[in-house]
Amino acid sequence: MPDLLAHLNPEQLAAVTLPNESALILAGAGSGKTRVLITRIAWLIEGRQASPSGILGVTFTNKAAKEMLTRLTTLLPINTRGMWIGTFHGLCNRLLRTHYREAGLPQAFQILDTADQLSSIKRLLKGLNVDEEKYPPKNLQYFINNAKEEALRPDQVEANDAFNRRFVELYAAYEAQCQREGVVDFAELLLRSYELLTRDVALRQHYQARFSHILVDEFQDTNRLQYAWLKLLAGAHNSIFAVGDDDQSIYAFRGANVGNMRDFEREFHVRHLIKLEQNYRSHGHILDAANILIANNSKRLGKDLRTDAGYGEPVRVYEAATDTQEAGWLVEEMRALINQGVSRLDIAVLYRSNAQSRVVEHALVAAGIAYKVYGGLRFFERQEVKHALAYLRLIDNPTDDTAFMRVVNFPTRGIGARSLEQLSDLARAHNCPLASAVAYVTGKAGSSLGQFLHLIERIRAETRLMNLPDLVRHLVQASGLAAHYQNEREGQDRLENLEELVNAASAFISEEGFRRDAPARVLPMDAGATAAPAVADAGADMVDAVLDAAAPGATTLVAAMTPLAGFLSHASLEAGDNQAQAGQDAVQLMTIHAAKGLEFTAVFVTGLEEGLFPHENSAAEADGLEEERRLMYVAITRAKERLYLSFAQSRMLHGQTRYNVRSRFFDELPEGALKWLTAKVEAGARWGGRSDNAGWGKDWFARGGVAAAPVPAALPSYVERNRAAEAGFRVGQAVFHTKFGEGTVTGLEGSGADARAQVNFKRHGQKWLALSVAKLQLIED
DNA sequence: TACCGAGTATTTTTT
DNA sequence: ATACTCGGTA
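Note that the first sequence covers residues 1 to 781 in the numbering used here.
Be aware that a few hints might be false.
[Said to hold, decoys possible] Pair by pair, the computed Cβ-Cβ distance ranges are:
1. ASP493 to LYS126: 51 to 59 Å
2. GLU668 to ASN503: 31 to 39 Å
3. GLN656 to GLY375: 22 to 30 Å
4. ASP425 to ALA461: 45 to 53 Å
5. TYR142 to ALA355: 49 to 57 Å
6. GLY341 to GLU462: 27 to 35 Å
7. GLY259 to VAL365: 29 to 37 Å
8. HIS362 to GLY341: 21 to 29 Å
9. LYS126 to ALA236: 42 to 50 Å
10. PRO136 to THR678: 41 to 49 Å
11. GLY341 to PRO136: 46 to 54 Å
Since the hints were derived computationally from the structure, they do not count as laboratory data. Even glycine gets a Cβ: it sits at the ideal position worked out from N, Cα and C.
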């Protein structure tokens, strides 16, 4: 036991050894929060305060869950199998797989990822003849997910106008469609298991009795539903050990609710709020910059990072004339670092938005420096992989219409849009899956559809006793996917990915502890679509059958899934790596969001310009600026030894040159920690005396916004821009248009007769208007 | 059915 | 600039 606790600092030690009651650990960047989390688990188990099966560890990403599990295994010689450690979604999937009947789901229910969900919604709208212009599928998707994350079913959503009432109706129709097809989306995983535990008292008590210790990572990122879910599992007696950092909350835009931290403190009567403020990552100047910057935020729980490392190098600041020059400069700095022996892997270029990577990439290519861009398509999201998965889904669940539609005519087999429309009409008329509706289609269309169905049934029969990798391999051939990509000019990569899918299946079997020769599916489903009800009724047998086939000692939880169902869940829940090219010693390029949780010896934060970072859109959002500042805080705290901040006076964006001012964040950093590589030009001097720094209201952006940006006199558009400004047009300005009504200027561009203003109208959204034509009136306030 | 051109929309993203 | 979607035509 002493070993376990050795090398912990006093705060870490206090956190790890807290008594069994709910606690909030405010863990700053680089303060060893993961270490505390896993040491806490190990300490609980070693001291026999908890058994492995009493532990519930929740994270947001699969990566974090995996790391927790691996580090735990190195720390403790025990087997971690009894523990439930995983993502919210992964754990909910487990719960629903185990209790699919109580949850009202078919055993082979499948998980829709975001793209699947969207195509499901599009199909729904088409079937109902809904005007997609008026009710854009994306908006409906957002509406549905939002409602679900507030734990609201259609009958609970408040709709005050006809428009929203229609949305609610469509939400209800979408739910019915998912239920009919035996699929759940991401939010549904959470909501279903939340409702299951709410409704089923015995089940709830069972799990409450089991999980005496609940530990949550990245607590600041939880949404309302996740918080409610945790609360439900905790019940009256279990404790929650919540670790998080309100200063690193950067996901409000997708529903994260930092307020959960305060609610948690209050509702769980947290007596111990422990702050981990000792930072083991960054040198002093870097930390100072981070501390001073974040102190500008008002809604904080409060925390200051400190380090034993010296001040180290100052934060270097560079002002470039253009984005190209900025990229050129950073490549030179990078060269110097590499010459000093810094590994390329230890150098990162961070930016606010993905579009900014391009100019940096160009410079790196020209300089011959290897680099890696994060954020592309992930493995399981590639079209060829999704096609193969759709076949797999159809084999496992014939009622999955999303999968059906995806591959019914891929590779092409002469089934056109007309036939499919006819088919979906029939399916709707008979209220049955597309696969079953094929029987009602007559004529030539009917026979091609019949052949497709026959193909699926044949593959299902042929693979009945196959293990998962063999099944996947066989399917890739039998479906015609392999032949299709062989004939395609650019198909080589896709073929390789399909081979990789076989490997992924193989790896999945090993990782999950399935016996290698266990069949991928256990129950015969050869009767096709009509077999679905029988499958749903066969639950207990199925579990026994899989248990029998699974590795000795495998948990029921894993065994409650067939290898195929498990693999399909895995594919939806863990989309895989999203790096462009893996391997090799390469410089890392990514958005700041993607960099959260990572650290690098040297970090370049680029594009620090008003409008870009803080992003102009954040002006319109509640607490938008504070979130941008937290993002900046995250960016700064990624750096261990060297931090470079840069901005450019002009930048190519959306095919247009924009002139920006340096980010306000420079004014919030301690001058003493900075070293300006270019002369620092005072805001006042640049702006012809305009250096108002009033509070930020609805026009905070206007102070440093695009239109007000000082432009070197030599640049051609300067005079015109000024003229526009003289006319009173500036970003943030409220305007009125006779047709579109009230709005706010969000951008200005062009010159003379071409001068245009971008206006965000309250009722009509964003529009570009030519100033010479549009009758825009200024609204004074 | 495949390809082309017009139109459009470009903050951040995990599950 | 660019990437993606959609609808029309070969």
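Task: Distance restraint hint 49 to 57 Å, applied to the beta-carbon atoms of TYR142 and ALA355 - done: The hinted range 49 to 57 Å is violated for TYR142 and ALA355, with Cβ atoms some 22 Å apart.
Open item on the list: Verify the CB-CB distance for LYS126 and ALA236 against the hinted window 42 to 50 Å.
Closed with: Between LYS126 and ALA236, where Cβ atoms are some 48 Å apart, the hint holds.
- [ ] Go ahead and decide if the range 46 to 54 Å is satisfied by the Cβ distance of GLY341 to PRO136.
- [x] 53 Å, holds
- [ ] Given the hint of 21 to 29 Å, check if HIS362 and GLY341 actually sit that far apart at their C-beta atoms.
- [x] 26 Å, holds
Open item on the list: For the hint 22 to 30 Å, verify it against the beta carbon of GLN656 and that of GLY375.
Closed with: The hinted range 22 to 30 Å holds for GLN656 and GLY375, with Cβ atoms some 23 Å apart.
Task: GLY341 paired with GLU462, Cβ distance criterion 27 to 35 Å - done: Since GLY341 and GLU462 have Cβ atoms about 57 Å apart, the given range 27 to 35 Å is violated.
Task: Cβ distance range 51 to 59 Å for ASP493 and LYS126, holds or violated - done: 32 Å, violated
- [ ] Given the hint of 31 to 39 Å, check if GLU668 and ASN503 actually sit that far apart at their C-beta atoms.
- [x] 49 Å, violated
TODO: Mind checking the hinted window 29 to 37 Å against the Cβ distance between GLY259 and VAL365?
DONE: 45 Å, violated
- [ ] Could you check the hint for me, namely that PRO136 and THR678 are 41 to 49 Å apart, CB to CB?
- [x] 45 Å, holds
TODO: State, for the Cβ atoms of ASP425 and ALA461, whether the hinted interval 45 to 53 Å holds or is violated.
DONE: 30 Å, violated
Violation of the numbered hints given earlier is confined to hints 1, 2, 4, 5, 6, 7; the remaining hints are satisfied by the structure.
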